[in-house]
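Participant: Generate coordinates for the entire structure from the input sequences, incorporating the hints supplied.
Protein chains in written order, with the numbering used here: chain U, 109 to 419; chain P, 22 to 673.
Source of the hints: derived by calculation from the structure; they are not laboratory data.
Keep in mind that a hint or two might mislead.
What the hints assert, rightly or not - In silico lysine-lysine, DSS-like type, Cα no more than 25 angstroms apart, as pairs: (1) Lys178(P) - Lys125(P); (2) Lys178(P) - Lys392(U); (3) Lys563(P) - Lys159(U); (4) Lys176(U) - Lys394(P); (5) Lys563(P) - Lys163(U).
Keep in mind that this is a model prediction, so the values were computed, not measured.
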Amino acid sequence: MDFTFNLGSFLAFIAAFSLAPLFMGVILKVKAFFGGKQGPPWLIKYYTLIKLLRKGSVYSTSTSFIFKLGPVVSFVTAFMLLLFFPFAGLPPVLSFHGDVVILFYLLGLGRFFTVLAALDTASPFEGMGAAREVFFSALAEATIFIILALFFRLSGSLSFVEYFSGDQVVNLWSQSAALILLVLIALFIVLLTENSRVPVDDPATHLELTMIHEVMILDHSGPDLALIEMGAFCKMLFYASFVSCLLYPFHIGYPVVNIVIFAVIMTMIYAAVGLVESITARYKMDMVPNFILTSFALVFFATILTMEFVQ
Amino acid sequence: MNTFFLALMLIGAGGLQTLVTFRLFLVMKIIAVSAIIGGCGLGAYTAVMHLLQHTNPVVFNQDWLQIFTFSLKIDAVSAFFLVPVFAIPAIAALYSFQYLHDAKRGAAVAANYFFYALLIISMALVVCAGNLVTFALAWELMSVSSFFLVIYDVHKKQTREAGYLYFIFTQAGALFIFAGFGFIYAHTGSFGFEALAAIPDSAKLTAFLLILIGCGSKAGIMPFHIWLPYAHPAAPSHVSAVMSGVMIKMGIYGIVRFYLLLAPTSVVFGQIVIGLGIISGILGVVYAIGMQDIKKMLAYSSVENIGIILLGLGVGMLGAASGNETMAAFGFAGGLLHIFNHSIFKSLLFMGAGSVLHQAKTGSSNELGGLMKKMPVTGRAMLIGSISISGLPPFNGFISEFLIYYGAIHGLSLHGASFVFSILAIISLAVIGALAGAAFTKLIGVVFLGEPRTDKASGANEAGAFMGIALSLLAASCLVIGVWPDYFVQAAFQATQAIPLVADFEAGQFMPIMTNIARTAALFLLLFIVIAVIRRMLYLGKEVTSSGTWGCGFTQPTVRMQYTGTSYADTIVDFFRPFIRVEKKYSGINKIFPGKTTYSSHIEDTSELGLTNFIVQPVLFLLGKLRWIQHGNIQLYIGYIVLAIIAMLIFI
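Facilitator: Spelled out as structure tokens, the structure:
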């Protein structure tokens, strides 16, 4: 494993981790703007985390040790993603050829335990959320892995750092820009799906029957809930960074400039999520598979195109 | 070779002595189990040593019945298969010591151990067979002994029907294999394995397809898998563990062995195998999600894993045919390692399901629930098995799936159809993995978590200590292979040396990837412990209370309101509807004050329907017209035989 103790990359990792809740505030601000409201303070998510960490917990009598494992596993798996991601083109803390496969599988492990923790409560609502989560994520998995296949075809690599700073980089300014455009749309759909945003799932709805992710964590409270929330912020940050690294060539130019541009693009992506949430409604549940499969169709098309492009 | 025979003899003696000592129930069991474990241990040791020492193939020949040579040959591939053939039955035997507890059925238990020993010996002979005749003989011995193991509960109608179905499938499969052998013999004129590579290319494809169908029906490749969901629930759990964990892999061994012997050069072989792998993998897991009986669900999950193995082997074959060394080596190594891994976690899951069945007296997940508290050892072992089989790190299933991914991704540099097949293999592997997660969260979530749905579930207790030890051993192996995969991956690469293209493949240059994967898994475990400790600290001095589950405002929840396995599976199963048929019966609510409402659903296997409607029914109809030939007169039957012989003498 490439473990380069590089102060810069370590700081980037710390910064990314600690700023993940701040970016979530952008979504809320955008939604508030469209609602004609002032919205919560920018630091709202930090306040929420601190509040949760100070509290105790109430555990359902139905639950077993799995219920307590769920938050820990889902947090650790999302946290590990950040260790391997090259934020703003800076080298990541860890990386090796093949890391993308194990990282996406680790996310799968996190999901496995979140779903089990939901089923552990014996609540019909949480079971419902769990069933939807596993189904939709199975569809999104197909898109993710075909993106990995496409990126291998384009760059010959299987690692985040090689995608964005290797010999053959993949981004909107490289030779295969046309294909990346399709990938970007698909990846944004996956981002919305995996992070349970509108139009797949509505985190702000008031009715448990219509939720996916939020309903699965209904019974968690206190520090457990804080771990889940922080894990969700890390996951969102990871997907948003993935999209931004495709949008701009961070492997060239000055690191300081890159960091600023990265921050701007990230804010725009979070704002775009907020925008989607403000102007569209959640799809009916049986429409969601079509939405996710659209992303699959896009990247599959892009991959077929490479048969002519890259030869 | 001598230690190999000694191992077989020890196992055989353990099986044979039961026929004499069956009246002394406990003595018989102790001798049988210890002899089988001892013999298997010795056999596994021999196989591992053979793999580690890179020895040349060991050959044994014995002329037999004048014209047939009984020939054995142990090369790297055989040795790799021998490890699970010996290791898994040993652990299952340990489990069976408490599972077969009914002293009143002493004779049946004795017969079970006898055929169990015979099954191990025959499987060992199948993977070591050195010519067509030995292979066929060992294959038949394996089929017959496993048939007797399935019908242990012979007094149950369901078991007898399952046994017949299995017998028909296994013999029909053998028919295809023997047809393939006959076809090969017609070209080579010998029963030896050596001449196979020399037959013409067009003949190779036909021979391979015949053997693929024959071996495929044993391995449970869709659509030849119909016997699995019947035979596995009917058989005792340690037997289903061995059958699903090891015996169905003999089908895969047949495919691998004859592929190697035929040494084809066309890409078609790989494409066919990948195609079958995709069908078995995706549909297998979808059916697994739909099944409510634990053992039926595990049987379909075996179909799925056979699909993953075929994807690996197919990628390897495609790589070998296209001259892509990395793709070939990783595809074959991944497929072989998945065979080994699946034998571990599937036998673990079947034995865990057996413990549940033993305690709760029901295998229907909709009647179970909350067993994690009642059966902590079984529950935790099943949890580990479920994570492993879903291919998630840091357990062993991920390691083999990663190898297959790596092979398939290297296939992306190919052109045309081979490129498309590589892409399809990657997508299917991803979808299978995610859906397996759905299937096994269902298994753990519905059976072991939540509240008990019936009195059967709430009355269950932890199974015996030996059963617990067997489960813990297997669960520990899953973690060990996941965190220290190097030796196991090397062993898999060692076994691929038999493939001409990759004989000189330097697996060493790729080992750093495996080391990194292992380190990432270890890092995950480390971070997990750190965060778990931090979490514990955050709760220090805080108020932690317990209460009922939040019912979203509803204050009178009952256990019947829990999400059932059926409801959990419904959306996914619906999505795959043309390939999976769900029969729903719903009385509906049609009055202002509704009376009793009922809902039931049942999943039908479309392959089974197809087979019944398009093959069995027409054949039955046709043969029904010929009923008059069967009249029961012995003299006339002898007349038939004489006539047939005369006809043959005239025409041939």
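Participant: If a hint holds in the structure, say so; if it doesn't, say that too.
Facilitator: Hint by hint, here is what the structure shows:
no., hint, verdict
1, Lys178(P) - Lys125(P), "holds (20 angstroms)"
2, Lys178(P) - Lys392(U), "violated (47 angstroms)"
3, Lys563(P) - Lys159(U), "holds (13 angstroms)"
4, Lys176(U) - Lys394(P), "holds (14 angstroms)"
5, Lys563(P) - Lys163(U), "holds (7 angstroms)"
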